[in-house]
Amino acid sequence: MDTTLQSVTQALSGFSVQNATEASRKSLLEAARSLVAELETPGEKLARLGWFEIHRPTALKVGLDLGLFNKMAEDNASPKSVDQLAKMTGAEARLLGRLLRVMAADRMVEETGPSQYKLNGFSTLLTQEIYQGLLLDCLETNLLPTALLPDYLKKTGYKNPINKDETAWKVAMNTPLPFFEYIAQPGEGRRLRNFNNHMTAKNEIYTQRWFEVVPVHEALRPSLGPDAPLIIDVGGSVGHDLIALHEAHPELKGKLLLQDLPGPIAQANLPAGIEKVEYDFFTPQPVKEASAYYFHQVLHDWPDDKCREILKNQIPAMKRGHSKILIDDIVIPDRGAGWLETGIDMIMLSTHSAQERTQADWRELLESVGLKMTQLWDCKGYPFKLIEAELA
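Per full-length UniProt numbering, the sequence shown starts with residue 1, numbered consecutively.
None of these hints come from the bench; they were simulated from the model. Treat the hints loosely; a few may be bogus.
As the list claims (entries may be wrong) - Pairs of lysine-lysine, DSBU-like flavour, derived with a Cα cap of 35 Å: (1) 312 with 276; (2) 276 with 155; (3) 26 with 385; (4) 87 with 164.
Please build the complete structure, drawing on both the sequences and the hints.
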(Lines of atoms letter the chains of each structure in order from A and count residues from 1; the text may use other names and numbers.)
(Lines give C-alpha, C1' and ligand atoms only; values in the text may rest on other atoms or scores of the structure.)
Protein backbone atom coordinates (compact mmCIF):
# COMPACT_ATOMS: atom_id res chain seq x y z
CA MET A 1 0.00 0.00 0.00
CA ASP A 2 2.89 2.36 0.72
CA THR A 3 3.96 2.13 -2.93
CA THR A 4 0.45 2.94 -4.14
CA LEU A 5 0.14 5.84 -1.71
CA GLN A 6 3.48 7.15 -2.92
CA SER A 7 2.22 6.95 -6.52
CA VAL A 8 -0.85 9.01 -5.61
CA THR A 9 1.28 11.55 -3.76
CA GLN A 10 3.61 11.91 -6.73
CA ALA A 11 0.69 12.26 -9.14
CA LEU A 12 -0.84 14.95 -6.92
CA SER A 13 2.37 16.96 -6.83
CA GLY A 14 1.66 20.15 -8.75
CA PHE A 15 -1.65 18.78 -10.01
CA SER A 16 -4.33 21.32 -10.90
CA VAL A 17 -7.72 20.32 -12.29
CA GLN A 18 -7.84 23.50 -14.36
CA ASN A 19 -4.39 23.05 -15.91
CA ALA A 20 -4.06 19.27 -15.95
CA THR A 21 -3.28 17.45 -19.15
CA GLU A 22 -5.46 14.49 -20.04
CA ALA A 23 -2.50 12.18 -19.44
CA SER A 24 -1.83 13.56 -15.94
CA ARG A 25 -5.52 13.43 -15.04
CA LYS A 26 -5.81 9.80 -16.13
CA SER A 27 -2.60 8.89 -14.34
CA LEU A 28 -3.89 10.32 -11.07
CA LEU A 29 -7.29 8.69 -11.56
CA GLU A 30 -5.71 5.26 -12.02
CA ALA A 31 -3.45 5.78 -9.01
CA ALA A 32 -6.47 6.79 -6.91
CA ARG A 33 -8.39 3.71 -8.04
CA SER A 34 -5.46 1.51 -7.09
CA LEU A 35 -5.34 3.13 -3.66
CA VAL A 36 -9.07 2.59 -3.11
CA ALA A 37 -8.69 -1.05 -4.17
CA GLU A 38 -5.96 -1.55 -1.57
CA LEU A 39 -7.83 0.30 1.18
CA GLU A 40 -11.03 -1.68 0.70
CA THR A 41 -11.01 -5.03 2.47
CA PRO A 42 -12.03 -8.18 0.58
CA GLY A 43 -15.14 -8.41 2.75
CA GLU A 44 -16.10 -4.81 2.01
CA LYS A 45 -15.70 -5.42 -1.70
CA LEU A 46 -17.84 -8.55 -1.49
CA ALA A 47 -20.57 -6.69 0.38
CA ARG A 48 -20.47 -3.74 -2.02
CA LEU A 49 -20.77 -6.00 -5.07
CA GLY A 50 -23.55 -8.07 -3.57
CA TRP A 51 -25.59 -5.39 -1.83
CA PHE A 52 -25.05 -2.17 -3.76
CA GLU A 53 -23.49 -2.33 -7.22
CA ILE A 54 -26.33 -4.26 -8.86
CA HIS A 55 -28.87 -1.62 -7.77
CA ARG A 56 -27.15 1.43 -9.27
CA PRO A 57 -28.36 0.92 -12.86
CA THR A 58 -31.87 0.11 -11.65
CA ALA A 59 -32.12 3.38 -9.72
CA LEU A 60 -30.83 5.31 -12.73
CA LYS A 61 -33.28 3.63 -15.11
CA VAL A 62 -36.24 4.51 -12.89
CA GLY A 63 -34.94 8.08 -12.63
CA LEU A 64 -34.78 8.36 -16.41
CA ASP A 65 -38.25 6.84 -16.81
CA LEU A 66 -39.62 9.47 -14.41
CA GLY A 67 -37.86 12.36 -16.14
CA LEU A 68 -36.29 12.98 -12.73
CA PHE A 69 -33.11 14.68 -13.85
CA ASN A 70 -34.89 17.16 -16.11
CA LYS A 71 -37.21 18.01 -13.21
CA MET A 72 -34.21 18.55 -10.96
CA ALA A 73 -32.83 20.98 -13.56
CA GLU A 74 -35.88 23.26 -13.32
CA ASP A 75 -35.66 26.58 -11.41
CA ASN A 76 -31.96 26.91 -12.26
CA ALA A 77 -31.24 23.45 -10.86
CA SER A 78 -31.87 24.64 -7.31
CA PRO A 79 -31.92 21.97 -4.55
CA LYS A 80 -35.29 20.28 -4.22
CA SER A 81 -36.90 18.19 -1.53
CA VAL A 82 -38.05 14.65 -2.09
CA ASP A 83 -41.64 15.84 -1.63
CA GLN A 84 -41.17 18.49 -4.35
CA LEU A 85 -39.67 15.98 -6.74
CA ALA A 86 -42.40 13.46 -5.97
CA LYS A 87 -45.05 16.00 -6.99
CA MET A 88 -43.09 16.91 -10.12
CA THR A 89 -42.59 13.31 -11.26
CA GLY A 90 -45.73 11.62 -9.98
CA ALA A 91 -43.77 9.07 -7.95
CA GLU A 92 -44.57 8.30 -4.33
CA ALA A 93 -42.25 10.30 -2.09
CA ARG A 94 -41.11 7.36 0.02
CA LEU A 95 -40.09 5.36 -3.06
CA LEU A 96 -38.36 8.32 -4.70
CA GLY A 97 -36.44 9.08 -1.53
CA ARG A 98 -35.09 5.55 -1.42
CA LEU A 99 -33.93 5.75 -5.04
CA LEU A 100 -32.31 9.15 -4.52
CA ARG A 101 -30.39 7.82 -1.51
CA VAL A 102 -28.90 5.13 -3.75
CA MET A 103 -27.89 7.77 -6.29
CA ALA A 104 -26.42 10.04 -3.63
CA ALA A 105 -24.46 7.16 -2.09
CA ASP A 106 -22.78 6.69 -5.47
CA ARG A 107 -22.37 10.44 -6.07
CA MET A 108 -24.80 10.46 -8.99
CA VAL A 109 -26.64 13.37 -7.35
CA GLU A 110 -25.65 15.66 -4.48
CA GLU A 111 -27.41 15.45 -1.13
CA THR A 112 -27.77 19.03 0.12
CA GLY A 113 -29.80 18.38 3.27
CA PRO A 114 -32.19 15.91 4.88
CA SER A 115 -34.33 14.54 2.02
CA GLN A 116 -33.02 17.27 -0.30
CA TYR A 117 -31.00 16.82 -3.48
CA LYS A 118 -29.58 18.63 -6.48
CA LEU A 119 -27.84 17.74 -9.71
CA ASN A 120 -24.08 17.33 -9.88
CA GLY A 121 -21.83 17.10 -12.92
CA PHE A 122 -22.81 13.52 -13.69
CA SER A 123 -26.57 13.91 -13.38
CA THR A 124 -26.47 17.20 -15.29
CA LEU A 125 -25.33 15.14 -18.29
CA LEU A 126 -28.53 13.12 -17.93
CA THR A 127 -30.64 16.19 -18.71
CA GLN A 128 -29.36 16.04 -22.32
CA GLU A 129 -31.01 13.78 -24.86
CA ILE A 130 -27.84 12.21 -26.26
CA TYR A 131 -26.60 11.14 -22.82
CA GLN A 132 -30.04 9.93 -21.81
CA GLY A 133 -29.97 7.90 -25.02
CA LEU A 134 -26.57 6.43 -24.20
CA LEU A 135 -27.67 5.24 -20.79
CA LEU A 136 -31.12 4.06 -21.88
CA ASP A 137 -29.62 2.12 -24.77
CA CYS A 138 -27.10 0.46 -22.46
CA LEU A 139 -29.61 -0.31 -19.73
CA GLU A 140 -32.47 -1.50 -21.92
CA THR A 141 -30.14 -3.54 -24.09
CA ASN A 142 -27.91 -5.04 -21.41
CA LEU A 143 -29.58 -5.32 -18.00
CA LEU A 144 -31.70 -8.39 -18.67
CA PRO A 145 -29.23 -10.25 -20.94
CA THR A 146 -26.48 -9.66 -18.38
CA ALA A 147 -28.65 -11.07 -15.60
CA LEU A 148 -29.45 -14.13 -17.73
CA LEU A 149 -25.89 -14.64 -19.03
CA PRO A 150 -24.73 -17.13 -16.36
CA ASP A 151 -27.67 -19.45 -17.07
CA TYR A 152 -27.22 -18.98 -20.82
CA LEU A 153 -23.53 -19.93 -20.66
CA LYS A 154 -24.31 -22.92 -18.45
CA LYS A 155 -26.88 -24.19 -20.95
CA THR A 156 -24.43 -23.77 -23.85
CA GLY A 157 -21.69 -25.70 -22.07
CA TYR A 158 -19.59 -22.61 -21.33
CA LYS A 159 -18.54 -22.26 -24.95
CA ASN A 160 -17.41 -18.88 -26.20
CA PRO A 161 -20.44 -17.46 -28.10
CA ILE A 162 -19.62 -17.03 -31.79
CA ASN A 163 -23.00 -17.59 -33.46
CA LYS A 164 -24.80 -14.35 -34.29
CA ASP A 165 -28.11 -16.19 -34.36
CA GLU A 166 -27.67 -17.49 -30.82
CA THR A 167 -27.29 -14.75 -28.21
CA ALA A 168 -28.21 -14.16 -24.60
CA TRP A 169 -29.92 -10.97 -25.81
CA LYS A 170 -32.34 -12.87 -28.05
CA VAL A 171 -33.21 -15.21 -25.18
CA ALA A 172 -33.75 -12.29 -22.80
CA MET A 173 -35.93 -10.41 -25.29
CA ASN A 174 -37.77 -13.56 -26.41
CA THR A 175 -37.24 -12.64 -30.05
CA PRO A 176 -35.90 -14.44 -33.13
CA LEU A 177 -34.38 -11.15 -34.33
CA PRO A 178 -30.79 -10.09 -33.66
CA PHE A 179 -30.29 -6.70 -32.03
CA PHE A 180 -29.93 -4.49 -35.10
CA GLU A 181 -32.90 -6.03 -36.89
CA TYR A 182 -34.95 -5.71 -33.72
CA ILE A 183 -34.37 -1.96 -33.26
CA ALA A 184 -34.92 -1.31 -36.99
CA GLN A 185 -38.41 -2.82 -37.07
CA PRO A 186 -41.56 -0.64 -37.06
CA GLY A 187 -42.56 0.49 -33.60
CA GLU A 188 -39.00 0.51 -32.24
CA GLY A 189 -38.14 4.06 -33.25
CA ARG A 190 -37.40 5.04 -29.65
CA ARG A 191 -34.83 2.26 -29.28
CA LEU A 192 -33.23 3.24 -32.58
CA ARG A 193 -33.02 6.89 -31.49
CA ASN A 194 -31.47 5.84 -28.20
CA PHE A 195 -28.89 3.75 -30.05
CA ASN A 196 -28.03 6.60 -32.42
CA ASN A 197 -27.80 9.02 -29.49
CA HIS A 198 -25.52 6.51 -27.77
CA MET A 199 -23.20 6.54 -30.77
CA THR A 200 -23.15 10.36 -30.79
CA ALA A 201 -22.63 10.66 -27.03
CA LYS A 202 -19.77 8.17 -27.13
CA ASN A 203 -17.84 10.55 -29.37
CA GLU A 204 -18.56 13.47 -27.06
CA ILE A 205 -17.25 11.60 -24.02
CA TYR A 206 -14.15 10.27 -25.75
CA THR A 207 -13.39 13.44 -27.62
CA GLN A 208 -10.01 12.32 -28.98
CA ARG A 209 -11.05 11.37 -32.49
CA TRP A 210 -8.68 9.52 -34.77
CA PHE A 211 -8.01 12.49 -37.04
CA GLU A 212 -6.93 14.60 -34.07
CA VAL A 213 -4.04 12.28 -33.21
CA VAL A 214 -3.29 10.59 -36.53
CA PRO A 215 -1.84 12.60 -39.45
CA VAL A 216 -4.89 12.74 -41.70
CA HIS A 217 -2.93 13.05 -44.93
CA GLU A 218 -0.95 9.93 -44.04
CA ALA A 219 -4.00 7.87 -43.18
CA LEU A 220 -5.99 9.15 -46.18
CA ARG A 221 -4.40 9.05 -49.60
CA PRO A 222 -5.66 11.77 -51.96
CA SER A 223 -8.83 10.84 -53.81
CA LEU A 224 -8.50 9.88 -57.46
CA GLY A 225 -10.30 13.08 -58.45
CA PRO A 226 -12.48 15.87 -57.03
CA ASP A 227 -15.62 13.80 -57.59
CA ALA A 228 -14.05 10.49 -56.59
CA PRO A 229 -14.75 9.02 -53.14
CA LEU A 230 -12.28 9.94 -50.42
CA ILE A 231 -13.65 8.22 -47.33
CA ILE A 232 -16.72 6.06 -46.82
CA ASP A 233 -18.03 5.74 -43.28
CA VAL A 234 -19.42 2.20 -43.47
CA GLY A 235 -22.14 1.58 -40.90
CA GLY A 236 -21.65 5.14 -39.70
CA SER A 237 -25.04 5.60 -38.00
CA VAL A 238 -26.18 9.23 -38.31
CA GLY A 239 -22.81 10.56 -39.46
CA HIS A 240 -21.26 11.95 -36.28
CA ASP A 241 -17.74 10.89 -37.32
CA LEU A 242 -17.89 12.27 -40.85
CA ILE A 243 -19.41 15.54 -39.64
CA ALA A 244 -16.55 16.00 -37.18
CA LEU A 245 -13.95 15.12 -39.84
CA HIS A 246 -15.53 17.54 -42.32
CA GLU A 247 -15.54 20.35 -39.74
CA ALA A 248 -11.92 19.71 -38.75
CA HIS A 249 -10.61 19.26 -42.31
CA PRO A 250 -12.73 21.19 -44.81
CA GLU A 251 -9.73 21.20 -47.16
CA LEU A 252 -10.05 17.49 -47.93
CA LYS A 253 -10.78 16.83 -51.60
CA GLY A 254 -13.10 14.08 -52.76
CA LYS A 255 -16.46 12.76 -51.64
CA LEU A 256 -17.34 11.98 -48.04
CA LEU A 257 -19.99 9.26 -47.99
CA LEU A 258 -22.10 7.97 -45.11
CA GLN A 259 -23.36 4.41 -45.51
CA ASP A 260 -25.86 2.63 -43.28
CA LEU A 261 -29.23 0.92 -43.30
CA PRO A 262 -32.36 2.95 -44.15
CA GLY A 263 -33.30 3.65 -40.51
CA PRO A 264 -30.12 5.50 -39.45
CA ILE A 265 -29.78 7.13 -42.87
CA ALA A 266 -33.28 8.59 -42.54
CA GLN A 267 -32.37 10.09 -39.15
CA ALA A 268 -29.04 11.53 -40.33
CA ASN A 269 -28.94 15.32 -40.62
CA LEU A 270 -25.85 16.00 -42.70
CA PRO A 271 -24.24 19.25 -43.83
CA ALA A 272 -23.41 20.01 -47.43
CA GLY A 273 -20.35 18.06 -48.46
CA ILE A 274 -21.43 14.70 -47.03
CA GLU A 275 -23.62 12.33 -49.01
CA LYS A 276 -25.96 9.60 -47.76
CA VAL A 277 -25.94 6.13 -49.27
CA GLU A 278 -28.22 3.32 -48.09
CA TYR A 279 -26.06 0.23 -47.84
CA ASP A 280 -26.08 -3.17 -46.15
CA PHE A 281 -22.47 -4.23 -45.57
CA PHE A 282 -23.44 -7.87 -46.06
CA THR A 283 -23.76 -7.03 -49.75
CA PRO A 284 -20.99 -6.02 -52.19
CA GLN A 285 -19.67 -2.50 -51.71
CA PRO A 286 -21.12 -0.38 -54.55
CA VAL A 287 -18.68 2.54 -54.27
CA LYS A 288 -15.41 1.75 -56.00
CA GLU A 289 -11.85 2.95 -55.43
CA ALA A 290 -12.35 5.07 -52.32
CA SER A 291 -9.21 6.13 -50.53
CA ALA A 292 -10.58 4.64 -47.31
CA TYR A 293 -13.40 2.40 -46.18
CA TYR A 294 -13.80 3.39 -42.54
CA PHE A 295 -15.35 1.20 -39.84
CA HIS A 296 -15.83 2.81 -36.42
CA GLN A 297 -16.75 0.21 -33.82
CA VAL A 298 -18.63 -1.78 -36.41
CA LEU A 299 -16.68 -5.02 -36.56
CA HIS A 300 -16.72 -5.47 -32.79
CA ASP A 301 -20.48 -6.07 -33.11
CA TRP A 302 -19.89 -9.19 -35.17
CA PRO A 303 -18.22 -12.57 -34.65
CA ASP A 304 -15.29 -13.47 -36.89
CA ASP A 305 -17.29 -15.26 -39.59
CA LYS A 306 -19.56 -12.24 -40.08
CA CYS A 307 -16.58 -9.87 -40.04
CA ARG A 308 -15.06 -11.88 -42.84
CA GLU A 309 -18.24 -11.45 -44.88
CA ILE A 310 -18.22 -7.69 -44.25
CA LEU A 311 -14.56 -7.30 -45.20
CA LYS A 312 -14.80 -9.56 -48.25
CA ASN A 313 -17.62 -7.36 -49.54
CA GLN A 314 -15.28 -4.36 -49.51
CA ILE A 315 -12.29 -5.99 -51.19
CA PRO A 316 -13.56 -6.01 -54.82
CA ALA A 317 -14.20 -2.27 -54.55
CA MET A 318 -10.65 -1.51 -53.37
CA LYS A 319 -7.89 -0.30 -55.67
CA ARG A 320 -4.52 -1.88 -54.90
CA GLY A 321 -1.97 0.65 -53.68
CA HIS A 322 -4.67 3.26 -53.14
CA SER A 323 -7.57 2.01 -51.03
CA LYS A 324 -7.29 1.27 -47.33
CA ILE A 325 -9.54 -0.28 -44.74
CA LEU A 326 -9.50 1.93 -41.63
CA ILE A 327 -10.75 0.23 -38.47
CA ASP A 328 -11.37 2.58 -35.55
CA ASP A 329 -11.95 0.17 -32.70
CA ILE A 330 -10.80 -1.17 -29.37
CA VAL A 331 -7.55 -3.11 -29.29
CA ILE A 332 -7.37 -5.00 -26.02
CA PRO A 333 -3.85 -4.92 -24.56
CA ASP A 334 -2.13 -8.24 -23.93
CA ARG A 335 -1.85 -7.30 -20.27
CA GLY A 336 -3.58 -4.82 -17.98
CA ALA A 337 -6.90 -4.40 -19.82
CA GLY A 338 -9.09 -1.75 -18.18
CA TRP A 339 -12.74 -1.48 -17.20
CA LEU A 340 -13.78 0.17 -20.47
CA GLU A 341 -12.54 -2.41 -22.95
CA THR A 342 -13.47 -5.39 -20.75
CA GLY A 343 -16.92 -3.97 -20.04
CA ILE A 344 -17.69 -3.39 -23.71
CA ASP A 345 -16.36 -6.87 -24.46
CA MET A 346 -19.02 -8.30 -22.11
CA ILE A 347 -21.70 -6.27 -23.89
CA MET A 348 -20.54 -7.71 -27.20
CA LEU A 349 -20.61 -11.22 -25.70
CA SER A 350 -24.15 -11.07 -24.35
CA THR A 351 -25.78 -8.94 -27.06
CA HIS A 352 -24.08 -10.00 -30.28
CA SER A 353 -22.06 -13.16 -29.55
CA ALA A 354 -19.17 -10.97 -30.69
CA GLN A 355 -16.03 -9.63 -29.02
CA GLU A 356 -13.39 -6.98 -28.63
CA ARG A 357 -10.04 -8.07 -30.08
CA THR A 358 -6.35 -8.00 -29.31
CA GLN A 359 -3.82 -6.86 -31.89
CA ALA A 360 -3.13 -10.50 -32.73
CA ASP A 361 -6.86 -11.14 -33.16
CA TRP A 362 -7.18 -8.21 -35.56
CA ARG A 363 -4.14 -9.27 -37.57
CA GLU A 364 -5.41 -12.84 -37.88
CA LEU A 365 -8.86 -11.65 -38.94
CA LEU A 366 -7.48 -9.34 -41.63
CA GLU A 367 -5.05 -11.90 -43.01
CA SER A 368 -7.81 -14.51 -43.23
CA VAL A 369 -9.52 -12.46 -45.98
CA GLY A 370 -6.44 -11.38 -47.93
CA LEU A 371 -5.70 -8.10 -46.17
CA LYS A 372 -2.57 -7.06 -44.29
CA MET A 373 -2.27 -4.75 -41.31
CA THR A 374 0.05 -1.94 -42.38
CA GLN A 375 -0.23 0.45 -39.43
CA LEU A 376 -1.59 0.58 -35.89
CA TRP A 377 -1.98 4.14 -34.64
CA ASP A 378 -1.87 4.38 -30.86
CA CYS A 379 -4.25 7.36 -30.51
CA LYS A 380 -2.59 8.62 -27.31
CA GLY A 381 -3.24 5.66 -25.09
CA TYR A 382 -6.97 5.33 -25.54
CA PRO A 383 -8.18 1.74 -25.98
CA PHE A 384 -9.61 2.89 -29.32
CA LYS A 385 -6.89 2.53 -31.97
CA LEU A 386 -6.83 3.14 -35.70
CA ILE A 387 -5.88 0.07 -37.70
CA GLU A 388 -4.82 0.48 -41.33
CA ALA A 389 -5.13 -2.46 -43.69
CA GLU A 390 -4.50 -2.89 -47.41
CA LEU A 391 -4.74 -5.64 -49.98
CA ALA A 392 -2.05 -8.21 -49.29
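Verification of the supplied hints:
no.: 1; hint: 312 with 276; in the structure: holds, 22 Å
no.: 2; hint: 276 with 155; in the structure: violated, 43 Å
no.: 3; hint: 26 with 385; in the structure: holds, 17 Å
no.: 4; hint: 87 with 164; in the structure: violated, 46 Å
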